[in-house]
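> With the hints as extra help, turn the sequences into a complete structure.
4 protein chains.
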Amino acid sequence: MTSDDARPPSELPDPRSLTREHFDHVARVTTRWTDNDMYGHLNNAVYYELFDTAINAWVISASGVDVTSLPELGVVAESGCRFFAELEFPHPVDVAVRVERVGRSSVTYSLGLFDSRSSMVAALGHWVHVYIDRTTRGTVPVPAAVREALARAQEARA
Amino acid sequence: MTSDDARPPSELPDPRSLTREHFDHVARVTTRWTDNDMYGHLNNAVYYELFDTAINAWVISASGVDVTSLPELGVVAESGCRFFAELEFPHPVDVAVRVERVGRSSVTYSLGLFDSRSSMVAALGHWVHVYIDRTTRGTVPVPAAVREALARAQEARA
Amino acid sequence: MTSDDARPPSELPDPRSLTREHFDHVARVTTRWTDNDMYGHLNNAVYYELFDTAINAWVISASGVDVTSLPELGVVAESGCRFFAELEFPHPVDVAVRVERVGRSSVTYSLGLFDSRSSMVAALGHWVHVYIDRTTRGTVPVPAAVREALARAQEARA
Amino acid sequence: MTSDDARPPSELPDPRSLTREHFDHVARVTTRWTDNDMYGHLNNAVYYELFDTAINAWVISASGVDVTSLPELGVVAESGCRFFAELEFPHPVDVAVRVERVGRSSVTYSLGLFDSRSSMVAALGHWVHVYIDRTTRGTVPVPAAVREALARAQEARA
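Residue numbers (the numbering used here), protein chains in the order written: chain A, 142 to 299; chain B, 142 to 299; chain C, 142 to 299; chain D, 142 to 299.
No lab work stands behind these hints, which were simulated from the structure alone. From the three backbone atoms N, C-alpha and C, an ideal C-beta is built for every residue, glycine too. Don't take each hint at face value.
[What the hints assert, rightly or not] Just some of the chain D residues that point at chain B, by a computed CB distance under 8 Å:
| hint | residue |
| --- | --- |
| 1 | N197 |
| 2 | I201 |
| 3 | P231 |
[To be verified] Simulated restraints, written as ranges between beta carbons of each label pair:
| hint | chain 1 | residue 1 | chain 2 | residue 2 | range |
| --- | --- | --- | --- | --- | --- |
| 4 | D | R258 | B | P212 | 24 to 32 Å |
| 5 | C | V167 | A | S202 | 20 to 28 Å |
| 6 | B | F225 | A | E289 | 27 to 35 Å |
| 7 | B | G244 | D | S158 | 49 to 57 Å |
| 8 | B | G205 | A | A286 | 53 to 61 Å |
| 9 | C | R157 | D | Q295 | 41 to 49 Å |
| 10 | D | L211 | A | Y180 | 38 to 46 Å |
| 11 | C | A297 | A | D274 | 50 to 58 Å |
| 12 | B | A226 | D | D207 | 13 to 21 Å |
| 13 | D | A299 | C | R275 | 29 to 37 Å |
| 14 | A | S257 | B | F225 | 29 to 37 Å |
| 15 | D | L211 | B | S260 | 28 to 36 Å |
| 16 | D | Y180 | C | E229 | 26 to 34 Å |
Structural data, given as C-alpha cells:
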C-alpha cells in the first residue's frame, strides 16, 4: 500500500478541502446507539453501510426503479475509505455521492461523509458497483434506467 | 481512482492467487443470518467488521494486552477491499491477517477472506491503524507491546 | 419474566390500535440498505437497535445529560417485541417512546414503530433499563437528571 | 399472540439455573469487535442476531433444507430476552436452542446464551416464528421438512 492508493480522482481538489458542493447528491441520515463502538465513535464499518445506503437510495430515487427487484444486481467490486475526523451518535450525518465514471458494466462513485453540523469532510470513500445477473451471477451491462439517471446527474453539474 | 489504487503490496503475488499461507495469522469466524443482505450474500460492510475483528483479536492475543483498556487507541485511518467472490451465511469464513508495515504511529495490514471450504481468496483488504491518545485524540507511537508482537509475527515468516 | 411482562400496559388499548399519540415522544429515523435481510424486510434485530437509539437519544435530549459519560449506565435487563407488519428500506421509520414506570433503579418503556407513511403501528416493544455503576457493575438508583426528565414527560400527558 | 406466549415454559426450572443440557442444540459462535457497544459489552440487539442465526442454522442443518429458498418464510412474530450477565468480545458465545411448541403455522423456541467459558446462562430468550408465503405474505403451515426436524429434536429428549 503506497500513499497513492486512495488518491481522489484527479478532477477533485485536496480531499480534506472537499465540501458538499463537490458532490451530486447529499442525504441526511440518522445515526444509532450501536454505531458507536468501544471507542465512542462511529465504527468504520458503519461508514460503508452509509455509503451503500446513500448510493442505493439515490439510484432508486433518481432512476425511479426499485433496484432490488431488477434482474441485474449492483454488487460491490471494490471499496475504500480514508477517515479524517471522528463522527458520533447521536448526531446525524450527511452522506454525499458523486458519480465518477459509468462504464459498460460498472459505476464508480466518490462519497463524502459530513457531520451534519460541520462543513468539513470527515471521510472520503470510493466505491465500484459491478452489475451481475441475479441468476447466472455473470457480468451484465449497467441497466438502462440506472445509466440514464447517472448521466442526468453528471450533466446537471455542467 | 485508478486501477492501481488497491494494488497489493509489491511483495505479494497476483491477489487472486493468494492462499492462507501468505498471511501471518488465520482466524475462523462464524457468519450470521443478518450478514446476508437482500442479494443473499454477505454484505460488503460485514467484510470490514470481520477485518476489524481479526486484527484486534489477533493483536490482543499476540501482545497479551487488552487493547481496549490501553491509553492508546488504534483507530482506522484508511481501509479498502476488493471483492472477488461471494460469501454466504451459514458457512464460516477464515480471516487471514498479514502485517505489511509498522511505522512510528501506524500499522498497515493486508487481509484475506476465505470461504472455510475453499482455498481461493474471496476478498483482499488493506487497513491502516493509527494510534491516538484516548483523551487528547492526538497521534502517539504504536504501543510497545503491540509493536513487539507484530515484529515477532514478521520474524516468524523468515 | 412473568406473563404480565409482554402484555401492553393496562392503560393502553388493543396494541394494534395504537397510534403515535399514545406515546410521549416520536423520532423519525432513516433506514439502511443492510437493515433489509434476505427476506427483503427490516430484520427483527434492527427493531431493537431502533428502540435503543430512540430511548437513549430522547433521554439525552430531555435530561440535557450525555448519558454515555455518566458514572451510572442504563443497561437492558429485559426487552421484547411483537411484530405486526413488515417495514422496509428505503422508507424512514418513526420510533415512538412512552415511559411506563420509573422504579428505584429501573425504568420501563413501551415502544412503537411506524412506517413513516402509515398511522398503523408495525411493532410494539417493551424495554427495561436498569442502572448500574460503571465500575462496580452493581445496581444504583436512576440518575436524578434522568428521573426528572421522565417525570416531566409523564406529567405533560395529563 | 396472547400474553401466555412470553411465559417461560412450565417444564423449565428457574431460568438462572438453566444449563446447556436443558436445550436441544448448542452452537458456538464467534463475537465481533463491533458487538461491544460504548459500555464495553455485547449490545442487546446482538443477542437477537445470535438467536436468529442459531435457530436458522439449526433448522437448515436438521431439516436438510435451505430455508432461504423455500416458498415459505419463517418470520418473527414475537421475541424477547432477559439479560442476566454481560458478554464481551473477544470471547466466543454458545447459543442454545430448544423447541418449545410447534403449532399449525408457528414454532416457539427458547434460547440460552452462555459465555463459552461459563456454565451459567447469561441470557434467556424466547422466539416465535410464523410461516408466511413468500409472495402473498399470508400465513401458511409450517413446512413439512421443518416440522419433522423439530419433532425429531423433541423426541430425542425423551
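> May I ask which of the numbered hints given earlier this structure violates, with the numbers listed in increasing order?
9 and 13
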